[in-house]
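> Below, each chain spelled out in residue letters.
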Amino acid sequence: MFYSLDLLGTIAFAVSGTLTAIHKKFDPFGVFIIAFATAVGGGTLRDVLIGRTPVGWMLDLNYVYAIIGATIFAIIIRKKINYLSTSLFLFDTIGLGIFTIIGTEIGVQQDLHPIICVALGVVSATFGGVIRDILCNEIPVIFHKEIYASACIVGAITFLALSTFNVPVNINYIITSLIVILIRLISVKFKLSLPTFIADTKG
Amino acid sequence: MFYSLDLLGTIAFAVSGTLTAIHKKFDPFGVFIIAFATAVGGGTLRDVLIGRTPVGWMLDLNYVYAIIGATIFAIIIRKKINYLSTSLFLFDTIGLGIFTIIGTEIGVQQDLHPIICVALGVVSATFGGVIRDILCNEIPVIFHKEIYASACIVGAITFLALSTFNVPVNINYIITSLIVILIRLISVKFKLSLPTFIADTKG
Amino acid sequence: MFYSLDLLGTIAFAVSGTLTAIHKKFDPFGVFIIAFATAVGGGTLRDVLIGRTPVGWMLDLNYVYAIIGATIFAIIIRKKINYLSTSLFLFDTIGLGIFTIIGTEIGVQQDLHPIICVALGVVSATFGGVIRDILCNEIPVIFHKEIYASACIVGAITFLALSTFNVPVNINYIITSLIVILIRLISVKFKLSLPTFIADTKG
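Protein chains in written order, with the UniProt record's numbering: chain E, 1 to 203; chain F, 1 to 203; chain B, 1 to 203.
Derived from the structure by calculation, the hints contain no laboratory data.
It is possible that part of the hints are untrue.
Since the list gives no way to pick one copy over another, a pair counts as held whenever it fits inside one copy or between any two copies.
EDC-like, lysine to aspartate or glutamate: derived pairs with alpha carbons at most 20 Å apart [said to hold, decoys possible]:
| # | residue 1 | residue 2 |
| --- | --- | --- |
| 1 | Lys-80 | Glu-138 |
| 2 | Lys-145 | Asp-133 |
| 3 | Lys-80 | Asp-92 |
| 4 | Lys-24 | Asp-133 |
| 5 | Lys-79 | Asp-60 |
| 6 | Lys-191 | Asp-92 |
| 7 | Lys-189 | Asp-92 |
| 8 | Lys-24 | Asp-111 |
| 9 | Lys-145 | Asp-92 |
Next up, chain E with everything else stripped away, as it sits in the complex:
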């Protein structure tokens, strides 16, 4: 079940990348690269930083197939996607929860400090979107909009805390992803976002 949720998250991220790239008028190759980078970018950066190479998607082709399928699907239904945007948001949010857990857990497996495990969870979940935005020459949306990464941070800390108390791993997965998903749903529902700082007016 966990593995299929992981693929679901990958698909959601690929769809979101595809739609962004179509909007930018990229050609099919460009669209596919953006879809791919959005879907696996976070996990790839995580793997490169800890030296877990060849990176994940090179060793499990199911991710590649899922992304190719999702990209073609998103291209075909692109004109109806506004009807589906709630599903897309839900998929993306599920992906966020799952990728946070996977990244955090890999940090634990590598015996890294809890703070670094949280960082790896956040990187896994959010840097696909950052890489997508950089490739599209945009300021990464997660740096200035909505509560997104914060949900991952809370999720990663929850996951580590429950692990410490020996909560069975399946239950831990469910609780942690639900927390990430809930924070995200509430923040979008009530249009919550982190405040920004007022810069020096003299500078």
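Dock chains F and B against chain E, hints included.
Same frame as chain E, but now just chains F and B:
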């Protein structure tokens, strides 16, 4: 011969990076960094993704010398470069063919799945240009212009297919690079490019 | 002493990243990511390129604590930061000197060619700023403004030269950092910068 073609490709990519950076009014350090990143960026990303470190150019200084030489050469002849632009295009196209083969072959050596080998061929050949464009704060040109990456994909698949049929490696090199170069020449000659998608007008 | 200078450099880079991100109106998460990337980006890229993973800051939490502290500090005093900008410049310059030495030395430890060691010194010292600028969707400032990377190149070469003559490592550290700092101070004081090239007016 293959090795010197590889250096020729490196030189071509370095020249193209130099001209881009001069156009952006970068200082000599900036120009050199862009030339370097364009020339070795694709191979470097490939090496990092599969854990082949220290990355290639750190272990064979000839690449570094070739890039330094090409950058200085391009700076000197920059005002005459439009007379030479056909040569530049030819060099770049040769580089494209060679880098595709090298990337694909390294994937095979690492026992990776054929699809991943194709991906590594494309990354090696095209991501130098992507990194150049990102460092120059532009949308990567290969995402929305001309047939470029598609030529690499066809080349990489050809290379793998011919390897399967035990075609001698030298002949395989020649056929594959010729295919990449031919596709590229034809697409530029006839101004072919991939179609883009029409996005949802309602969204 | 050397280690604490290293932390001082990290803090200076984190402060500079924080101020840039606040200026861009990023939210607290975005500000922290930019601070972090500016502070450790150069060393991280160096480590990834040579396969020294998990990368440095994952194994020594003092860097993480220093960056968190520096970011909070910079957020609090952001309105007074123009009064402190000389200190910030000094910190940043010290960081530049120290990071150049660290990067060069790591190259030597890995038995890499002197030219590659110089490159690693420059990457360590300057690519935090490059990554900061890319994440903020700006053209990297070091490619077109002031003498910055050039100071690192001179410093790295000095460091290697003095090592060859068996100058004691502590004295080498001091001389090299002073040279980098001096070049930087002089170039800012007299507003020196590298000339740019005049591009072809016909092209």
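> Need the list of violated hint numbers for this structure, in ascending order.
Hints 1, 5 and 8 contradicted; others consistent.
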